[in-house]
Amino acid sequence: MASAKVESTRKASVEAAESAPKLAFGQFVTLWRSWSSARRYSTLGAVVLAIAGVLTLALGTRSSGRLAPLLTRLGPADAQEITARLGAHDVPYEFAAGGTALLVPEDRVLSLRLELASEGLPRGAGVGFEIFDDPKIGLSRFAERLNYRRGMEGELTRTIRQLEVVSDARVHIVLPEPSLFTQRDRRATASVAIQLHRGRSLSKDQVDAIRHLVSSSVEGLNPDDVTLVDNQGHLLAKGGDRGRSAAELLEQQRELEDTLERRARRIIERVTGEGRASVEVTAELDVTQTERTMESFDPDSAVLRSSQTSEEQRNKAGQEPGGVPGAPGNLVGRADPAASPAASPAAIEGALAASKRTETKNFELNKVTSREVSPSPRIRRISVAVLVDATNDGRERSSDELAGLADLVKNAVGFDAARGDQVVVQAMPFDHGPPVPPPPSTPAWLARLEAMWPIGAGALALLIGAAVVLSRRRSVVQELLPAPRTLGELQALVSSNSDAELVLDGSILESGSLLDRVRQDPSRAAAVLKLWMEEDSHA
Numbered sequence: 000m001a002s003a004k005v006e007s008t009r010k011a012s013v014e015a016a017e018s019a020p021k022l023a024f025g026q027f028v029t030l031w032r033s034w035s036s037a038r039r040y041s042t043l044g045a046v047v048l049a050i051a052g053v054l055t056l057a058l059g060t061r062s063s064g065r066l067a068p069l070l071t072r073l074g075p076a077d078a079q080e081i082t083a084r085l086g087a088h089d090v091p092y093e094f095a096a097g098g099t100a101l102l103v104p105e106d107r108v109l110s111l112r113l114e115l116a117s118e119g120l121p122r123g124a125g126v127g128f129e130i131f132d133d134p135k136i137g138l139s140r141f142a143e144r145l146n147y148r149r150g151m152e153g154e155l156t157r158t159i160r161q162l163e164v165v166s167d168a169r170v171h172i173v174l175p176e177p178s179l180f181t182q183r184d185r186r187a188t189a190s191v192a193i194q195l196h197r198g199r200s201l202s203k204d205q206v207d208a209i210r211h212l213v214s215s216s217v218e219g220l221n222p223d224d225v226t227l228v229d230n231q232g233h234l235l236a237k238g239g240d241r242g243r244s245a246a247e248l249l250e251q252q253r254e255l256e257d258t259l260e261r262r263a264r265r266i267i268e269r270v271t272g273e274g275r276a277s278v279e280v281t282a283e284l285d286v287t288q289t290e291r292t293m294e295s296f297d298p299d300s301a302v303l304r305s306s307q308t309s310e311e312q313r314n315k316a317g318q319e320p321g322g323v324p325g326a327p328g329n330l331v332g333r334a335d336p337a338a339s340p341a342a343s344p345a346a347i348e349g350a351l352a353a354s355k356r357t358e359t360k361n362f363e364l365n366k367v368t369s370r371e372v373s374p375s376p377r378i379r380r381i382s383v384a385v386l387v388d389a390t391n392d393g394r395e396r397s398s399d400e401l402a403g404l405a406d407l408v409k410n411a412v413g414f415d416a417a418r419g420d421q422v423v424v425q426a427m428p429f430d431h432g433p434p435v436p437p438p439p440s441t442p443a444w445l446a447r448l449e450a451m452w453p454i455g456a457g458a459l460a461l462l463i464g465a466a467v468v469l470s471r472r473r474s475v476v477q478e479l480l481p482a483p484r485t486l487g488e489l490q491a492l493v494s495s496n497s498d499a500e501l502v503l504d505g506s507i508l509e510s511g512s513l514l515d516r517v518r519q520d521p522s523r524a525a526a527v528l529k530l531w532m533e534e535d536s537h538a
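The sequence shown maps to residues 0 to 538 in numbering that gives the first Met the number 0.
Simulated from the structure, these hints should not be mistaken for laboratory data. Treat the numbers as computed from the prediction; the structure is a model and nothing was measured. Built from N, CA and C at the ideal position, the CB exists for glycine as well. Mixed in with the good hints there might be a few duds.
[Unchecked claim] The list that follows gives simulated cross-link-like pairs (lysine to any residue, SDA-like), each with its CA atoms no further than 20 Å apart: (1) LYS409 <-> GLN421; (2) LYS237 <-> VAL173; (3) LYS366 <-> ASP297; (4) LYS203 <-> LYS135; (5) LYS366 <-> GLU283; (6) LYS237 <-> SER215; (7) LYS355 <-> GLU310; (8) LYS409 <-> THR281; (9) LYS409 <-> ARG394; (10) LYS237 <-> THR188; (11) LYS203 <-> VAL165; (12) LYS237 <-> ARG197; (13) LYS409 <-> GLU294; (14) LYS360 <-> ALA301; (15) LYS237 <-> THR292; (16) LYS366 <-> GLU294; (17) LYS203 <-> ALA236; (18) LYS203 <-> THR158; (19) LYS360 <-> GLU311; (20) LYS529 <-> ARG516; (21) LYS135 <-> TYR147; (22) LYS409 <-> GLU218; (23) LYS237 <-> SER202; (24) LYS366 <-> THR281; (25) LYS135 <-> MET151.
[Stated by the list, open to error] DEER-style ranges, computed between Cβ atoms: (26) GLU273 <-> ARG253: 40 to 48 Å; (27) LEU162 <-> LEU255: 52 to 60 Å; (28) LEU255 <-> SER277: 13 to 21 Å; (29) PHE128 <-> HIS196: 26 to 34 Å; (30) ARG65 <-> ALA460: 33 to 41 Å; (31) PRO175 <-> ALA87: 44 to 52 Å; (32) SER139 <-> LEU162: 35 to 43 Å; (33) LEU462 <-> ARG32: 24 to 32 Å; (34) THR287 <-> ASP204: 24 to 32 Å.
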């Protein structure tokens, strides 16, 4: 029976230990009420100041010790130069993001950015047009063109690196030199190597945007002459390919066939009824592109643009040449006896006259220059196959009805006999078995429930975890506490051992001093009585 008393008092000790915080709070309230107002206010002020000081110290230490990104996406050259400047000013720094980001104390980020910007840092990838900031005298024409190309490549590299998905980029441009000895100029070309962020990829629109960005920045560069490669060696865009890719052509062909098929089916089902006609369309595309330039002149519409006339007249007096040829006849002052008789008829005729008239007229003709570029791709041939149900309200379809349906289909798809288009309409009996029922639609409340199942699963997991923890705690408490006793057993135990000793809180007390103990600590005594009553009710 003595062991039962010991177990009961031990249980009362556990309850008293659990109620100790309440007792401590009650004692604090009693002490607070016993103080004067001045003492209360001074105590509150001291506590508030102490808390504020601790928070200020903690925040200051945290702010001064926390690092923030100064610059990101740095190249090796910029990182080396910037870290040298930071080391010269005794600024602690750390690298992050694989060496492309630089971290410095958070309170010095803005000032350091301004200082680096005043020094022109970071300079970015490669060399831009700042290469011409310090002109050099005596450079050859080749060196000037090379610097211009380097500057353009650097500027394009910096621009492409500003894209969100791009981590790094390199641009190479080929600018052919003009030549006087070739009639056909070579085209400018460019290649772009792109390094993407981990887990990112470029869409087709982004690839086209980069190609057009580069081509618009270089004179004489066509977007089709820009090659694009990623860091994995995948060819994103092929230079020199001015046509469309096979995937694009296949997609365009599929869209054309679907469009024509919908048109034909819609007009056929107006006659046969829904589900009683099947239409299949095959379109062949011609991807070749033809360009033709023609110049025509109208000879009947000639207009005089300019006219130029020149006249020339020449008069010459004297004798006709005569006499014996040779040196004697040409000597001055010496007469040629043989020449005198021959010269006398020319002298009698007198003078000789000559005239010349030249007229030039320029006419302007009406000139018409036409340039035709055939679309690519264009439709080469269309083949349409239409299958309709052989019966219509219990009767078979006639050949005239099928011919009429064929004419409707031809007009719907844009039939052209010159292209070799074909339209075939056949009537055959359809299988009118029981229709397959559509899958049942999901109710709205079930759809909402499916959308919320992750939340429900998380809540269920929390409930299961809480139940496991509470069950384990209860089992531990049951193991520590002794087996409960009924109130009758405790009364019999006390009456039979009135002179026995009770163990309470580790001290040995006589049964006669139990009332004094209750008066000294009524709350603990109440807890013991409450425990006994609960044990009796459970029994």
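Checked against the structure, which of the hints given earlier come out wrong? Violated hints (numbers, rising): 4, 5, 9, 12, 13, 15, 22, 24, 26, 27, 33; every other hint is consistent with the structure.
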